[in-house]
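Chemist: Single-letter residue listing:
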Amino acid sequence: MRSRVLVDLKATVLEFKRSPSAVFWTLAFPILLILIFGAIYSGGGPGTYNLHVQDLDGSFESQQLLEGLNASDLVEVKMVGPDRDPEKVISDGGLTSFLIIPSGFGANLSAGENATLEFRMDAGSQAALTNYNVVKSVADSMNLAVQGSDELIEIEDASIVSQQLRFIDFFVPGVLALTIMNSTVNYMVITITEYKNHGLFRKMMTTPLRRSEWLASRILWQVILAFVSVAIIMGIGIMLFDVQLSINIMAILLLLAGTALFTALGMAIAGLISDEQAAGAVAGAVVFPMMFLSGIFFQLEAMPGYLQTVAMALPLTYLVEGLRDAMIYGNMAGAAYNLAVVSGLAVVFAVLGTALTKWKQE
Amino acid sequence: MVEVVIEVEGLRKEYDGLVAVDGIDFSVRRGQVFSLLGPNGAGKTTTVEMLECLRSPSAGRVSILGHDISQERSIKDRIGVLPQGFNAFDLLTVRENVEYFAGMFDGSVDVDGLLRWVKLDGRQKELFKNLSGGMKQRVGIAISLVNDPDIVFLDEPTTGLDPSARRDVWRMVESLSGQGKTVFLTTHYMEEAEVLSDYICIMNNGRIICRGTPREIITEHGGSPVAFVRGAGEKGLRLLQEAYPDAALVEDDLKVPVHNGRRVSEILNMLDTGEAHYDEIVIKKSTLEDVFLRITGKEYIQEVEGDEE
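Chains P and U supply the protein sequences, listed in that same order. Heads up: the first sequence runs through residues 1 to 362, numbered per this note's numbering. Heads up: the second sequence runs through residues 1001 to 1309, numbered per this note's numbering.
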């Protein structure tokens, strides 16, 4: 027996391919978002990177080092006064790298002892890695000049990832969640109301196709579409903006649960409201507040208290937070909590949506 | 022995206290073109949708090909349905739509043969949304045949179609009947039912008000033919009134029932003798529409578009 699910899935793919608006909102829109926000917030493309340096030594040797750095075409040295707090400079400037020449650096070198440079960096930033390599090569040439092959200058690097996550890293998991919500809710609402009002469900009902088979095919399609979108968004994020995200089993489970949740939410909306235009408006009214209040564009902590309370009542918040926990912070306990919330909501909406999506008329 | 393929007893459907179908009985024989006829809101579509397993009856018994309508799967495998206001997937081609619905059934179908039969073989790559109303109905008829059904339900198949497209559908119904399939037609076009049907049930207000072959119904309920003498006016009426007291004037035309041995030649003689002027004389036999008027006492009003029950 041939699978009716696959027959329906094939038709769905053909319809999708021939619908420019579906392709735009599902694939092109998230790409545009990433490109626009990536260009604005990722900071610097290839070219010269700013290297902030605090010289606490002020010796001949530290001047030699600074001259070496200035000679590199890759970096532009920005001096930071010795009296300033490095933490504050990094945090205020949103810096991804910072070099400190400690007091005693020159004296140690002159005495033939080890001298340490302190380099703070966001290992996820291309700019920071470039700066690190430039500092390392200048230090290596000084080593050669001063003491032959002995390496007196050491670079002690300290991570600043946790303090300074780039916006683009923070943004990408949000766009993944937003894309899943947008495409699934809109797809289900538009498809169900259209099929209902144009008599397609009535025609399907006269065949052996079961409602569960139809739903399985459409959910399967949404999952495929979600993973295609995720692959494209992540591909662009990684290639163009050097986004550092990890894909792990928790992230995949969250993507699956999120797709199920918003597919079911779309079904519930379409089940409650039969009119195509009205259902589209309600879908917009549900999707838009979530788009802006679920911490995709702004961190929840940056919002006023009452809006944070609203955000905690929105399903998308848990998907966004869960994906960030899993993909950026490596906080699997947090991701598991959010996965549980998203899965629970998916079950609730699936029960509601299935009950409301009736084929047989009374 | 004649095989009954549809048997309906005491079928009733209520919505929120409103009775749409009020305890009807009928049966359909294999190979018949059976028509359920009636004005909009008569209960035809509700009835046919209960037979197609699309709606649940409030009461009564329905058997399709020997299966109770609770045995949906067994019934759906052997019936084909063109629902009222048929629509398919706008963004699939004619062929893809037919293949989609064929894929819902076990077994294989000759899609090329079907498309040829509905004369759409030359347009199989066109998107459904770009087709005319008549062509969309032909796709619907092709789709209703993908499982080689024993019974084909056609619900208002010609509503909204132009006369030429309507004739195309009629030819297809005749051809299906020629292939030995049972055709269950619902229509509000009296002429359509009269031309196509072997057997008719006329519905009004949820009940069947008369039934039989078109000829039986007209003979039994239609009354005698009527002579229309166009343009005979008041003078003509005065000349005939004594001999034909039931003669009547409709605007400037004389309307004279031809029955009880009356002859049209007598009427013409009387008018000629009295030197009455008239333009033409037309003898009109009763139609199903006249039957409907006689039985219900109200005019049969047809609406061309957008008629939902």
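There's no promise every hint is true.
[Said to hold, decoys possible] Negatives, chain U to chain P, calculated, CB over 12 Å:
#1 1087
#2 1090
#3 1219
[As the list claims (entries may be wrong)] To be clear about the criterion: a stretch of chain U counts as covered by chain P if any three or more of its residues have a C-beta under 8 Å from a C-beta of chain P, and this derived list gives those stretches:
#4 1060 to 1068
#5 1264 to 1278
[Unchecked claim] For each label pair, taking beta carbons as the anchor points, the in silico distance ranges come out as:
#6 1012/U x 288/P: 20 to 28 Å
#7 1171/U x 197/P: 25 to 33 Å
#8 197/P x 1107/U: 41 to 49 Å
#9 332/P x 1017/U: 36 to 44 Å
#10 1059/U x 231/P: 52 to 60 Å
#11 359/P x 1250/U: 28 to 36 Å
#12 359/P x 1107/U: 18 to 26 Å
By construction, these hints were calculated from the structure, which means they are not laboratory data. Think of the CB as a built atom: it goes at the ideal place given N, C-alpha and C, for glycine as much as any other residue.
Chemist: Determine for every hint whether it applies to the structure shown.
Modeler: Going down the list of hints, with the structure as the test:
| no. | hint | result |
| --- | --- | --- |
| 1 | 1087 | violated, 4 Å |
| 2 | 1090 | violated, 8 Å |
| 3 | 1219 | holds, 37 Å |
| 4 | 1060 to 1068 | violated (count 0) |
| 5 | 1264 to 1278 | violated (count 0) |
| 6 | 1012/U x 288/P: 20 to 28 Å | violated, 47 Å |
| 7 | 1171/U x 197/P: 25 to 33 Å | holds, 31 Å |
| 8 | 197/P x 1107/U: 41 to 49 Å | violated, 31 Å |
| 9 | 332/P x 1017/U: 36 to 44 Å | violated, 58 Å |
| 10 | 1059/U x 231/P: 52 to 60 Å | holds, 56 Å |
| 11 | 359/P x 1250/U: 28 to 36 Å | violated, 51 Å |
| 12 | 359/P x 1107/U: 18 to 26 Å | holds, 23 Å |
Hint check: violations occur at hints 1, 2, 4, 5, 6, 8, 9 and 11; the rest are consistent with the structure.
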